[in-house]
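These are the residues of each chain, in order.
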Amino acid sequence: MQKGLQRFGALVRKEITQLLRDRRSLAFMLSLPLIQLFLFSYAVNSTVYHIPTAVVDQSNDRKSREYLQAMVNSQYFDMTVQFQNQNQVIAAIDRGDVKAGIVIPPDFATDTDRGTGNVLILLDGSDSASVSSGFGAAGLIAQMYSLQLTTQEIIRKGQGAGGGSLSVGASALPITAATRVLYNPDMINVWFILPGIVGLILQNLAVQQAALIVVKDREMGTIEQILITPTRPLELVLSKMIPLLVLSMLAMGVTLLIGIVWFSVPFQGSLFLYFWMALLFVVGSLALGLLISTRAKTQRQAQQMALLPMIFGLLLGGLIYPRSSMPFVPQFIGNLFPLTYFIRISRSIFVKGVGLEFVWSDALILGIYSLVVVILAARAFKPRLD
Amino acid sequence: MNNLAITAHGLTKRFKTRQGNVTAVENVTLEVPHGETYGLIGPDGAGKTTTVRVILGLLTRTEGESSILGYDSMRDLYEIRQRVGYIAQQNVLPGDLTVMENMLFFAGVHSMTREAQKKRIPELLEFAGLSNFTDRLAGRLSGGMKKKLALACSLIHSPQVVVLDEPTLGVDPVSRREFWNLLGNLRAEQGLTIFVNTPYMDEAERCTEIGLIYAGKVIASGTPTQIKAMIPGHVIEFTPSIFPPAQKAVTGMDGVLEVQTYGDKLHVFVDDVPRRKAQIEAALASEGITHDDLREIEVRMEEAFISLVQRQTRIAEAAAPASTISGGAA
Numbered sequence: 001m002q003k004g005l006q007r008f009g010a011l012v013r014k015e016i017t018q019l020l021r022d023r024r025s026l027a028f029m030l031s032l033p034l035i036q037l038f039l040f041s042y043a044v045n046s047t048v049y050h051i052p053t054a055v056v057d058q059s060n061d062r063k064s065r066e067y068l069q070a071m072v073n074s075q076y077f078d079m080t081v082q083f084q085n086q087n088q089v090i091a092a093i094d095r096g097d098v099k100a101g102i103v104i105p106p107d108f109a110t111d112t113d114r115g116t117g118n119v120l121i122l123l124d125g126s127d128s129a130s131v132s133s134g135f136g137a138a139g140l141i142a143q144m145y146s147l148q149l150t151t152q153e154i155i156r157k158g159q160g161a162g163g164g165s166l167s168v169g170a171s172a173l174p175i176t177a178a179t180r181v182l183y184n185p186d187m188i189n190v191w192f193i194l195p196g197i198v199g200l201i202l203q204n205l206a207v208q209q210a211a212l213i214v215v216k217d218r219e220m221g222t223i224e225q226i227l228i229t230p231t232r233p234l235e236l237v238l239s240k241m242i243p244l245l246v247l248s249m250l251a252m253g254v255t256l257l258i259g260i261v262w263f264s265v266p267f268q269g270s271l272f273l274y275f276w277m278a279l280l281f282v283v284g285s286l287a288l289g290l291l292i293s294t295r296a297k298t299q300r301q302a303q304q305m306a307l308l309p310m311i312f313g314l315l316l317g318g319l320i321y322p323r324s325s326m327p328f329v330p331q332f333i334g335n336l337f338p339l340t341y342f343i344r345i346s347r348s349i350f351v352k353g354v355g356l357e358f359v360w361s362d363a364l365i366l367g368i369y370s371l372v373v374v375i376l377a378a379r380a381f382k383p384r385l386d
Numbered sequence: 001m002n003n004l005a006i007t008a009h010g011l012t013k014r015f016k017t018r019q020g021n022v023t024a025v026e027n028v029t030l031e032v033p034h035g036e037t038y039g040l041i042g043p044d045g046a047g048k049t050t051t052v053r054v055i056l057g058l059l060t061r062t063e064g065e066s067s068i069l070g071y072d073s074m075r076d077l078y079e080i081r082q083r084v085g086y087i088a089q090q091n092v093l094p095g096d097l098t099v100m101e102n103m104l105f106f107a108g109v110h111s112m113t114r115e116a117q118k119k120r121i122p123e124l125l126e127f128a129g130l131s132n133f134t135d136r137l138a139g140r141l142s143g144g145m146k147k148k149l150a151l152a153c154s155l156i157h158s159p160q161v162v163v164l165d166e167p168t169l170g171v172d173p174v175s176r177r178e179f180w181n182l183l184g185n186l187r188a189e190q191g192l193t194i195f196v197n198t199p200y201m202d203e204a205e206r207c208t209e210i211g212l213i214y215a216g217k218v219i220a221s222g223t224p225t226q227i228k229a230m231i232p233g234h235v236i237e238f239t240p241s242i243f244p245p246a247q248k249a250v251t252g253m254d255g256v257l258e259v260q261t262y263g264d265k266l267h268v269f270v271d272d273v274p275r276r277k278a279q280i281e282a283a284l285a286s287e288g289i290t291h292d293d294l295r296e297i298e299v300r301m302e303e304a305f306i307s308l309v310q311r312q313t314r315i316a317e318a319a320a321p322a323s324t325i326s327g328g329a330a
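If you're matching them up, the sequences are chains E and H in order.
Residue numbering for the first sequence follows our numbering, beginning at 1 and increasing consecutively.
Residue numbering for the second sequence follows our numbering, beginning at 1 and increasing consecutively.
What the hints contain is simulated information worked out from the structure, not anything from laboratory work.
Any given hint could be a false lead.
Some chain E residues flagged as far from chain H (calculated, every beta-carbon gap over 10 Å) [as the list claims (entries may be wrong)]: (1) Leu11; (2) Asn87; (3) Ile226; (4) Thr229.
Simulated crosslink set (PhoX-like; lysine-lysine; CA at most 20 Å straight-line) [as the list claims (entries may be wrong)]: (5) H/Lys16 - E/Lys382; (6) E/Lys297 - H/Lys16; (7) E/Lys3 - H/Lys228; (8) E/Lys382 - E/Lys216; (9) H/Lys228 - H/Lys217.
It should be emphasised that the depicted structure is a prediction, and the values quoted were computed from it without experimental measurement.
Yeah, the Cβ is synthetic: ideal placement off N, Cα and C, and Gly gets one too.
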């Protein structure tokens, strides 16, 4: 046992020395998460602000101006032009001058006092991002004013000669603003996406790096010289995990910090709990990478195999597409990757601020998963060359 | 058994490939007594590396038996690894570690105490002539120095047996000599059993026992003198003025057993030197080929090896088409 510990110590020291000496890889490993963080956060963030909007205020009193001011204050709408009637608005949307229109009827104030206030929101249906953002925002603001909101999606049909005809959405949707967004009342997309991105970045880093590490020794030939020592497979596998574990946790800290400071995502839960959950998750991801590494013949192969958890994680882990609406098979495949569990845990702690009592089942699965995969990796690692 | 450091009996190793099974090593039997320097000699791809890897337990054995210090290669993996030093052919010590870090690493994985390390490491660095290079990265050492470092690392735990797979591959002649002198010292001073793979015939002469391996089979074994004595007849050497006709004229003559080329010289194996010398001179003269003096030379390992390989090939061709494919040092 003591001899085993001494061997393990020597192996860990070797791995750390080698890692610190390879400055270029180290810099890459630490900067890649940041690049991914910014890319994903901005690319996935589909919320559209400052939608150019045309206004028809037929009421033009204190109440209607107050309402319009609220729309502007929401940052979602920019009042760029005033018109006299609805048709002018539709024409402007058709020309592409504006993406949205707000039509306030003449007796807005009196109707609102009676609780039957009504506003028409026109949205450019060819720009789905603007539609969904504008739709959501308008609904929320309407709710504050207890208004009946009628929205119409205007869809261009054919943009050929003749200026293009347009049709007004078949059914104007009167919504009673039943949408209530919990935890994220301003529906800020990045709040939802960032805790998941932290997980994705961590998994990418851990799986990629771990996948390379054993096969690298094998490809370089250093493995033979190490195998002929009394080192046991488990010692070797674990020693390769330790420095990567530290590095991944470091990367997580930086990613988290930038998420909180730069993207102003408030961290609601316990950092202490989050740290331990992340540790569990990184161990599982590293083990998955090591398993790949013991299976691959070359570094190239390992890298290609490591793409699998990346892609499945991105698509099936629940980061972008909700898992609840997935058919059984993709949902099941998603369950094979640690990211799926961690995204749930991360969102719960990060955004909802809940404690262990709500995430324990995912944590337990992650723990068992990590243990099983570490053992599989150590078993797949044969103390021989063939 | 107690007298033997390394044994292999009927050792066979087959690799599964997509083209089917490939036999890299077939029915190899060898015995190395304690304190001997054993050389497994053969060309590239003959199966040297596979043989030692199987004996060391680095590859699984297909058939036969093998052991080191009485420990079975397959069963007693870690007993062997604790007691044996090994320099792999590609020998890649972590190049991004310094000489000292390499030594400390190998001392650590062999669970040496700190006191033992403090004593042993400077000793070995001194022995390998690396005392002044402790802070140099292993990857930045010259080829010869890399091998010396590898030797020092493989000796860190005072093994009883050292296995070296082509330790002087890609090393200049001066460093090669130095390296062999180090091995000589080890044997003389510490009674170490050394097993070395090499394609170099001059290195074979430095071994106390050798085995010639060709196409996965050991075709001859014994002391260097015994091996050379296996060659029938004597060797006459000369330089003809025009080479191919001379070779043709001599080949197949009465009493000529074998003809080998050696640079611009011909080596002719004959049964009786004075008688055949006159015959050869006459034959060359009739073809109008001039030449320098025909002289009898001592049979060297190289001539012996080529002769034995040629004989083996003739036997194999007569028996059946050669089925053995060399596995090489993949």
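Checking the smallest CB distance to chain H, is E/Ile226 really beyond 10 Å? Non-interface label fails for E/Ile226: nearest chain H Cβ at 7 Å, not farther than 10 Å.
Going by Cβ atoms, does E/Asn87 stay more than 10 Å from chain H at every point? Non-interface label stands for E/Asn87: nearest chain H Cβ at 73 Å, farther than 10 Å.
Quick check for students: does the CB of E/Leu11 sit more than 10 Å from each CB in chain H? Nearest chain H Cβ is 7 Å from E/Leu11, so the label is violated.
Straight-line alpha-carbon gap E/Lys382 to E/Lys216, limit 20 Å: holds (15 Å)
Please work out if E/Lys3 and H/Lys228 have their alpha carbons no farther apart than 20 Å. Violated, because 48 Å separates the two Cα atoms, which is more than 20 Å.
Would the pair E/Lys297 and H/Lys16 pass a check requiring their Cα atoms to be no farther apart than 20 Å? holds (15 Å)
Does the claim that E/Thr229 lies outside the interface with chain H hold up, using a Cβ gap greater than 10 Å? Contrary to the label, E/Thr229 does not stay out of reach of chain H, its closest Cβ about 4 Å off (not over 10 Å).
Need the status of pair H/Lys228, H/Lys217: alpha-carbon distance at most 20 Å? Holds, because 19 Å separates the two Cα atoms, which is no more than 20 Å.
Pairwise hint evaluation, E/Lys382 against H/Lys16, where the allowed Cα distance is 20 Å at most: holds (17 Å)
Checked against the numbered hints above, the structure breaks hints 1, 3, 4, 7 and satisfies the rest.
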